[in-house]
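Whole structure, please, built from the sequences with the hints as guidance.
For the sequence shown, our numbering begins at 693 and goes up steadily by one.
In short, the hints are calculated from the structure, not lab data.
Hints may contain errors.
Once the Cα atoms are required to be at most 35 angstroms apart in a straight line, the calculated DSBU-like pairs of lysine-lysine come out as [to be verified]: (1) 914 x 996; (2) 763 x 914; (3) 811 x 763; (4) 914 x 755; (5) 754 x 911; (6) 754 x 914; (7) 763 x 804; (8) 804 x 996; (9) 804 x 754; (10) 911 x 763; (11) 755 x 811.
Cβ-Cβ distance ranges computed for the label pairs, FRET-style [to be verified]: (12) 890 x 743: 35 to 41 angstroms; (13) 776 x 745: 16 to 22 angstroms; (14) 1018 x 965: 50 to 56 angstroms; (15) 861 x 1020: 39 to 45 angstroms; (16) 965 x 762: 36 to 42 angstroms.
No residue lacks a Cβ here, since even glycine has one placed at the ideal position from N, Cα and C.
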Amino acid sequence: MTPPIFRTRITELFGIDHPILCGGLMWLADASYVGAVVNAGGMGFITPRSFPTVEAYRDQLKKCRDITGGKPFGVNIYVSARPEANEVLGEFLDIAIEEGVRFVETAGFSPKIFMPRIKDAGMIVIHKCTTIRHAQSAVRAGVDAIAILGAEAGGHPGMDMVGSLVQGALAPGSLDVPVVLAGGMGTGRQLLAALSLGADGMLMGTRMTVASEIWADEKFKKHITEIDQSGTRIVMSIFNDNSRVLDNETARAVSALEADGVTDFERYRPLVQGSNQREAYESGDWELGTPSVGQSCAFADEIKSVEAIFDDILADATCHRDRLAGLAV
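What follows is the structure, given as structure tokens:
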């Protein structure tokens, strides 16, 4: 494992060696993956919604604790726009607290209603969002750090579609908590750029989907290694809910419905339902569903361990740090 080379407010807040976070990946962020991230010196977040029962989720927390040898890790709490979808979040949090989880990554809508429970448990929370105004609102609600997403991000990059470089230049000066830059992140030079912009680290998603510890079928991961930054597509804009996904047959069918002005969601449901994405990961059939994929797929060019990916990123960061130092006059 690469020894620490950067110390930032994020490494201090999370007690980690490197200012690298790996965000929650729906269906994929289990104990094996998150434990590997923590053991490589970063911070990862298990996604409770990925598991069929709360008992299975609890088992994953216990397994992750065993993998890390007791080192802390996090859970991802996605706050939906649909209240009924959030009814289970309290139980997710309670189980995390009972199992001694230290860190929470929130995403989606404001985590405000959950903040008293999180803070009473002494947990640290980082909120992932796509606009400065939402970040400021989350800070007022009491979050400890912000992950600001650029338009390059897979999943839900927001409707404003502001690029990561602009977000990174704006957010650190607009917020008084540590900030990590997300969206299209996957190299050491980007980590160095984020730090140079005033951020305290970077957060990765798609870049890590080809890690050997990710359980997805090798055929799916191999396809990710073969596409470049143009291998994604924005869909669901017709519902004011941009989603950056893998550019496959299903995504193109969704785009065709949008082009025809179809606004009945039931026409889309068979194409975009989450179970299709899980089946794509399980079977390796990357034409199935609309798996979230960001433009950092361009950097996910080889299936290798989390530790090896981190080592590559940190070597790249060191190289470009030294290059910048050599440019000084």
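Hint-by-hint comparison with the structure:
no.: 1; hint: 914 x 996; result: holds, 11 angstroms
no.: 2; hint: 763 x 914; result: holds, 31 angstroms
no.: 3; hint: 811 x 763; result: holds, 20 angstroms
no.: 4; hint: 914 x 755; result: holds, 27 angstroms
no.: 5; hint: 754 x 911; result: holds, 29 angstroms
no.: 6; hint: 754 x 914; result: holds, 30 angstroms
no.: 7; hint: 763 x 804; result: holds, 27 angstroms
no.: 8; hint: 804 x 996; result: violated, 38 angstroms
no.: 9; hint: 804 x 754; result: holds, 27 angstroms
no.: 10; hint: 911 x 763; result: holds, 32 angstroms
no.: 11; hint: 755 x 811; result: holds, 25 angstroms
no.: 12; hint: 890 x 743: 35 to 41 angstroms; result: holds, 37 angstroms
no.: 13; hint: 776 x 745: 16 to 22 angstroms; result: holds, 18 angstroms
no.: 14; hint: 1018 x 965: 50 to 56 angstroms; result: holds, 52 angstroms
no.: 15; hint: 861 x 1020: 39 to 45 angstroms; result: violated, 21 angstroms
no.: 16; hint: 965 x 762: 36 to 42 angstroms; result: holds, 38 angstroms
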